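Start from the sequences and build out the full structure, keeping to the hints where you can.
Chains Z and S are the protein sequences, given in the same order.
Mapping of the first sequence onto my numbering: residues 11 to 305, in sequence order.
Mapping of the second sequence onto my numbering: residues 11 to 305, in sequence order.
Be aware that one or more of the hints could be misleading.
Just so you know, same-sequence chains aren't split out, so a pair can sit in one copy or run between any two.
[To be verified] DSS-like mimics (lysine-lysine), calculated; alpha carbons at most 27 Å apart, straight line:
#1 Lys23 - Lys37
#2 Lys41 - Lys256
#3 Lys150 - Lys29
#4 Lys37 - Lys113
#5 Lys113 - Lys256
#6 Lys177 - Lys37
#7 Lys55 - Lys108
The hints are simulated quantities; they were obtained by calculation from the structure and are not laboratory data.
None of the values given here were measured: they were computed from a predicted structure.
2 protein chains.
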Amino acid sequence: MNQETKKIFEKYKNLVEQKLDEYIPVKYPEKIWESMRYSVLAGGKRLRPVMTLETCRVLCGSYEQAVPAACAIEMLHSQSLIHDDLPCMDNDDYRRGKLTNHKVFGESTAVLAGDALLSFAPQVILQQTPSTVPSEVLLKVLEEFVVAAGAEKLISGQVVDIDSEGKQISEDTLNFIHENKTGALFKLSMRTGALLAGAENEKLQAVTDYAQKIGLAFQIMDDILDVTSTLEELGKTPGKDAQENKVTYVSFYGMEASKKRVSSLCQEACDILEKHGIKSDILKAIAQSINERVN
Amino acid sequence: MNQETKKIFEKYKNLVEQKLDEYIPVKYPEKIWESMRYSVLAGGKRLRPVMTLETCRVLCGSYEQAVPAACAIEMLHSQSLIHDDLPCMDNDDYRRGKLTNHKVFGESTAVLAGDALLSFAPQVILQQTPSTVPSEVLLKVLEEFVVAAGAEKLISGQVVDIDSEGKQISEDTLNFIHENKTGALFKLSMRTGALLAGAENEKLQAVTDYAQKIGLAFQIMDDILDVTSTLEELGKTPGKDAQENKVTYVSFYGMEASKKRVSSLCQEACDILEKHGIKSDILKAIAQSINERVN
Numbered sequence: 011m012n013q014e015t016k017k018i019f020e021k022y023k024n025l026v027e028q029k030l031d032e033y034i035p036v037k038y039p040e041k042i043w044e045s046m047r048y049s050v051l052a053g054g055k056r057l058r059p060v061m062t063l064e065t066c067r068v069l070c071g072s073y074e075q076a077v078p079a080a081c082a083i084e085m086l087h088s089q090s091l092i093h094d095d096l097p098c099m100d101n102d103d104y105r106r107g108k109l110t111n112h113k114v115f116g117e118s119t120a121v122l123a124g125d126a127l128l129s130f131a132p133q134v135i136l137q138q139t140p141s142t143v144p145s146e147v148l149l150k151v152l153e154e155f156v157v158a159a160g161a162e163k164l165i166s167g168q169v170v171d172i173d174s175e176g177k178q179i180s181e182d183t184l185n186f187i188h189e190n191k192t193g194a195l196f197k198l199s200m201r202t203g204a205l206l207a208g209a210e211n212e213k214l215q216a217v218t219d220y221a222q223k224i225g226l227a228f229q230i231m232d233d234i235l236d237v238t239s240t241l242e243e244l245g246k247t248p249g250k251d252a253q254e255n256k257v258t259y260v261s262f263y264g265m266e267a268s269k270k271r272v273s274s275l276c277q278e279a280c281d282i283l284e285k286h287g288i289k290s291d292i293l294k295a296i297a298q299s300i301n302e303r304v305n
Numbered sequence: 011m012n013q014e015t016k017k018i019f020e021k022y023k024n025l026v027e028q029k030l031d032e033y034i035p036v037k038y039p040e041k042i043w044e045s046m047r048y049s050v051l052a053g054g055k056r057l058r059p060v061m062t063l064e065t066c067r068v069l070c071g072s073y074e075q076a077v078p079a080a081c082a083i084e085m086l087h088s089q090s091l092i093h094d095d096l097p098c099m100d101n102d103d104y105r106r107g108k109l110t111n112h113k114v115f116g117e118s119t120a121v122l123a124g125d126a127l128l129s130f131a132p133q134v135i136l137q138q139t140p141s142t143v144p145s146e147v148l149l150k151v152l153e154e155f156v157v158a159a160g161a162e163k164l165i166s167g168q169v170v171d172i173d174s175e176g177k178q179i180s181e182d183t184l185n186f187i188h189e190n191k192t193g194a195l196f197k198l199s200m201r202t203g204a205l206l207a208g209a210e211n212e213k214l215q216a217v218t219d220y221a222q223k224i225g226l227a228f229q230i231m232d233d234i235l236d237v238t239s240t241l242e243e244l245g246k247t248p249g250k251d252a253q254e255n256k257v258t259y260v261s262f263y264g265m266e267a268s269k270k271r272v273s274s275l276c277q278e279a280c281d282i283l284e285k286h287g288i289k290s291d292i293l294k295a296i297a298q299s300i301n302e303r304v305n
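Right, here's the structure in full:
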């Protein structure tokens with residue numbers, strides 16, 4: 011990412027941080043709000059909300075109307091991490107270099123904080139989106155949000171992932187997990203930005219295809235980093251896939267082929283934008299950064 | 011409940027059962043959908059969705075437009091029970107005379123089935139509500155739904171409830187728990203029906219006040235039944251409150267005063283309807299049935 015692009019990315023990221031902090035209050039009972047804030051404000055790349063904001067901007071010239079929905083998507087992402095880390099799921103102690111939610115607040119609060127975020131995210135969309143956004147658009151944004159969060163997308167990926175531990179799974183199953191566990195949220199991020207921009211169908215489809223490519227690239231990179239990274243670099247425990255005997259892109263195709271696949275997916279993603287006249291340095295840089303990510 | 015009222019109640023209840031069955035499909039991965047169906051279709055009184063349908067009917071003459079939202083509220087109710095029963099929460103083995111969700115499907119699936127229902131419920135409202143309902147009304151229904159489900163209502167009640175175990179809590183705290191853990195969903199049920207009926211503010215307030223009264227009555231009766239009932243009658247393990255040293259209405263005011271309070275709350279609820287010209291045998295009968303409930 012060059013300096014100029016980096017500056018814009020940081021501007022979006024800071025806006026998201028500030029708004030997340032603003033949207034989630036601390037009220038009685040403080041424990042649940044603090045638990046929600048702990049995970050949502052624990053840093054992270056904020057890739058998804060930045061994608062939402064930039065997609066909205068590039069397609070209509072403004073991004074203000076997408077700020078609440080962008081933050082809601084980040085809340086959903088946090089929610090999925092809180093529940094994924096639970097002892098009955100992946101049983102992780104660290105996330106983004108900090109203790110996981112249930113390690114700090116206890117298991118019952120972590121379950122409830124996740125639940126609370128699942129409802130608070132659409133609440134933020136409903137209550138904070140500017141009234142200039144037409145009701146029909148808002149309803150469509152909400153519908154795509156709850157579908158992505160639910161058993162047809164995000165959760166189905168998680169279910170099949172858990173069920174696949176220690177099993178020799180097919181390429182189709184591996185793809186299903188990644189399509190839904192990671193891909194669905196990337197698609198939601200881009201589509202939400204496009205919908206709030208009032209984009210026509212061709213552009214909506216183009217950003218969906220871009221999201222499909224980089225979502226897959228992101229997940230393959232996750233599998234690569236689980237092998238090559240340290241706890242310090244990664245912010246979470248590495249080597250878990252091998253330890254759990256998990257089938258990953260790396261175990262399936264090997265390290266070199268996986269790296270090549272990431273490279274070509276990121277290039278294909280940029281080509282899609284180019285082809286449809288979507289001129290965004292940020293979205294290009296995001297695709298490239300996935301190829302270069304270390305955490 | 012007289013025979014005629016009972017017949018109407020059963021008609022509503024059967025419609026809710028049928029629609030819940032219809033709305034929740036079984037698709038890949040089957041385990042998550044079956045887990046959702048297991049708890050949602052496990053019977054129960056269906057009090058809340060019936061309240062939604064009848065409130066809508068009595069205020070505008072039809073209830074068809076409220077069927078999806080009524081079912082969504084029942085899904086939310088099921089969700090809260092699945093997560094309440096988890097080992098890290100109340101750790102219950104039985105619910106409605108059947109093994110709890112995590113006992114049948116395992117803990118991780120039970121967490122995810124609850125998560126899935128939290129998103130599926132608003133999805134049903136969004137996708138199944140007839141298009142004759144104005145977008146503004148639908149947005150308001152959705153907003154009240156996610157607020158009731160979240161950390162401002164349902165979850166705050168659950169958090170304070172868990173935190174209060176084995177502690178000597180104040181009357182205010184006890185009221186806070188019940189207001190939010192039980193009351194919020196009763197209010198949501200009635201208000202959703204009224205909103206979908208296009209009710210004016212006075213009627214909306216009246217049904218809210220009714221819900222407030224019977225919500226509290228329902229919860230006090232819960233506390234009474236936990237002392238007086240058997241597993242067979244109750245469908246869940248009785249005596250848990252005393253075992254966990256929990257402050258309840260009964261331990262606070264004594265058995266007799268609690269019974270009297272239920273009686274007068276149910277009467278007050280009926281008086282509110284009367285005063286505002288809301289002529290519903292079903293809503294009256296529901297108030298009375300709470301006074302007479304055995305499970």
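Comparing the hints with the structure gives:
Proximity of Lys23 and Lys37 under a CA criterion of 27 Å is satisfied intra-copy only: 26 Å inside one chain copy versus 38 Å between copies. Taking CA atoms no more than 27 Å apart as the test, Lys41 paired with Lys256 passes between copies only; the shortest distance there is 20 Å, against 35 Å inside one copy. Within a single copy, Lys150 and Lys29 get their C-alpha atoms as close as 23 Å, and across copies as close as 23 Å, so both meet the 27 Å cut-off. In this assembly of identical chains, the alpha carbons of Lys37 and Lys113 lie at most 27 Å apart only when taken from the same copy (22 Å versus 34 Å across copies).
In this assembly of identical chains, Lys113 and Lys256 lie within 27 Å of each other by CA distance both inside one copy and across copies; the values are 24 Å within and 26 Å between. In this assembly of identical chains, the alpha carbons of Lys177 and Lys37 lie at most 27 Å apart only when taken from different copies (21 Å versus 45 Å within one copy). For a Cα distance limit of 27 Å, the shortest separation of Lys55 from Lys108 inside one copy, 15 Å, qualifies, whereas the shortest one across copies, 44 Å, does not.
Hint violations for this structure: none, all hints satisfied.
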